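J.: As a plain string of letters, each chain reads:
2 protein chains.
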Amino acid sequence: MTKKVLIVYAQPEPTSLTRQFVEATVQSLQEQGHDVLLSDLYAMRWKATFDEQDFPCRADLGRLSFIKESGHAYSTGRQTDDVVSEQQKLLAADAVIFHFPLWWFGLPAILKGWIDRVYAYGFGYGYKGKGNLYRYGDGILKGKRALLSVMVGGPEADYSPLGINGPLEELLFPVTHGVLFYPGMDVLPTHAVYGAAHLAKTEIATEIAVWRKRLEQLFEEAPIPFRRQNGGDYKDNHILADHIAFGKSGLLAHVDTSDT
Amino acid sequence: MTKKVLIVYAQPEPTSLTRQFVEATVQSLQEQGHDVLLSDLYAMRWKATFDEQDFPCRADLGRLSFIKESGHAYSTGRQTDDVVSEQQKLLAADAVIFHFPLWWFGLPAILKGWIDRVYAYGFGYGYKGKGNLYRYGDGILKGKRALLSVMVGGPEADYSPLGINGPLEELLFPVTHGVLFYPGMDVLPTHAVYGAAHLAKTEIATEIAVWRKRLEQLFEEAPIPFRRQNGGDYKDNHILADHIAFGKSGLLAHVDTSDT
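Taken in sequence, the protein lines are chains A and B.
Residue numbers for the first sequence follow my numbering, beginning at 105 and rising by one.
Residue numbers for the second sequence follow my numbering, beginning at 105 and rising by one.
So here's chain A without its partners, still in its complex pose:
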């Protein structure tokens, strides 16, 4: 069945490995018969900084509260056009793929600014005006799939379970869990290419083939089993319940590995 897939990417150089992956993604999805939506953040000259310009019709001109103004702009239809357009793409998409180079163990600022601005109050959080009721598995993007495709400069060893940088999936937990799962998306395990600046042409071809193969399972692959807030694992929507928490700690306590 034809699906819609949004590709959000943050790399301005057309010959970069990131962009080669974007091209491979577009080709693969089109070959599968899917519709592709693109957000080429550098080409769009995406405004990274979330500021007073995001609120052309202020609720309170005397004091800039981001939460208050964001909720006001969203609920009254007074957001800027660029933000509205990205929200509509997200709502239209069945899956979202993010392509970016890992900069300082996180998102490039232009992509972080896409999150900061597009995730309005009432959209990315505070869904249905119900505070924190709909989050972590429930929310406006529930049922959609999300996948990070990351180009990493350093060697894989540095991101291995005992590697000096820390494990990649834990470094990216604020994004996979905090940004993508938060408003309800099913998040697939991050796809990383390591030593990205030093790959030979044949290695690049191999990496792209592996990626294309993976994309064929985009709608079948099992997501990271993050625990749903409203699935019974948390007390009062806040803290892991005693029967779950035993012996667990840290970020990965929020991944349910009981079936694996």
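Careful: at least some of the hints might be erroneous.
One copy or any two copies: either way a pair holds, since identical chains are not told apart in the list.
[Stated by the list, open to error] Mimicking SDA-like on lysine to any residue, the simulated pairs with C-alpha atoms at most 20 Å apart in a straight line are:
hint	residue 1	residue 2
1	K317	G137
2	K151	P116
3	K172	L121
4	K339	G267
5	K172	L303
Rather than coming from a laboratory, the hints here were simulated on the basis of the structure.
From a predicted model like this one, the values you see are computed outputs, not experimental measurements.
Put chain B on the given structure of chain A with help from the hints.
T.: Just chain B now, with coordinates in the frame of chain A:
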């Protein structure tokens, strides 16, 4: 003894809690006799996006490689003035304090873009042209202190050891360890104020008093005991040595708690 302290902050609203904390920091440091340097990112209209404009004199006009152009611009004195100015402030400072609201479990884009752009190749990484030799405890900022002061919208329970968001210090590990400790800074435990949007005036006064008290120990407080890459805990500068690794996993394996 008089010290220099750089305050980098990312909140445009003068009456915000973040800015009240910035004012308290300035006052406290001046009362202690220290010199204060300020980087008010919103007022400076800091350019968040790292892009081709950062390299007015390109090494390679045909292909934009951020690492290559960053190293070229830094080593040949062709960086943009705004980046040079921030690097000079960092080099002059004995300590750096970052004030920001936590947005989507990370830095606001404008502050992430400060890192992306100021941490040039040869400065933030690739120090002395020696690849990864100087990092995680060694580097151009070695011996300086760093401290995050974060305003958090959600309740503290959500960031507690088993809280649904994950523990704050792990969510911020990519910043404390990956950004600040990486080029050699001693990083103090993160200072967080939770439920920041809902504090009563008296609660704010209490929080500021606690913060000011803490600042009096800025140069005495023990930093997070991150393991130094070159301190004997890592094999070949990459993976935790066997005698350290036993039973450890995840981000916190890189914190040495053996003395505590």
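J.: Compare the structure with each hint and give your call.
T.: The hints, checked one at a time:
For the identical chains of this complex, K317 and G137 are intra-copy neighbours only, at 15 Å inside a copy versus 62 Å across copies, given an alpha-carbon limit of 20 Å. Taking the closest pair of Cα atoms, K151 and P116 come within 20 Å of each other both inside a single copy (14 Å) and across two copies (16 Å). Only between protomers do K172 and L121 lie at most 20 Å apart by alpha-carbon distance; the minimum there is 15 Å, versus 40 Å within a single protomer. For the identical chains of this complex, K339 and G267 are inter-copy neighbours only, at 10 Å across copies versus 34 Å inside a copy, given an alpha-carbon limit of 20 Å.
Proximity of K172 and L303 under a CA criterion of 20 Å is satisfied inter-copy only: 15 Å between copies versus 47 Å inside one chain copy.
Every hint, counting from the list given before, is met by this structure.
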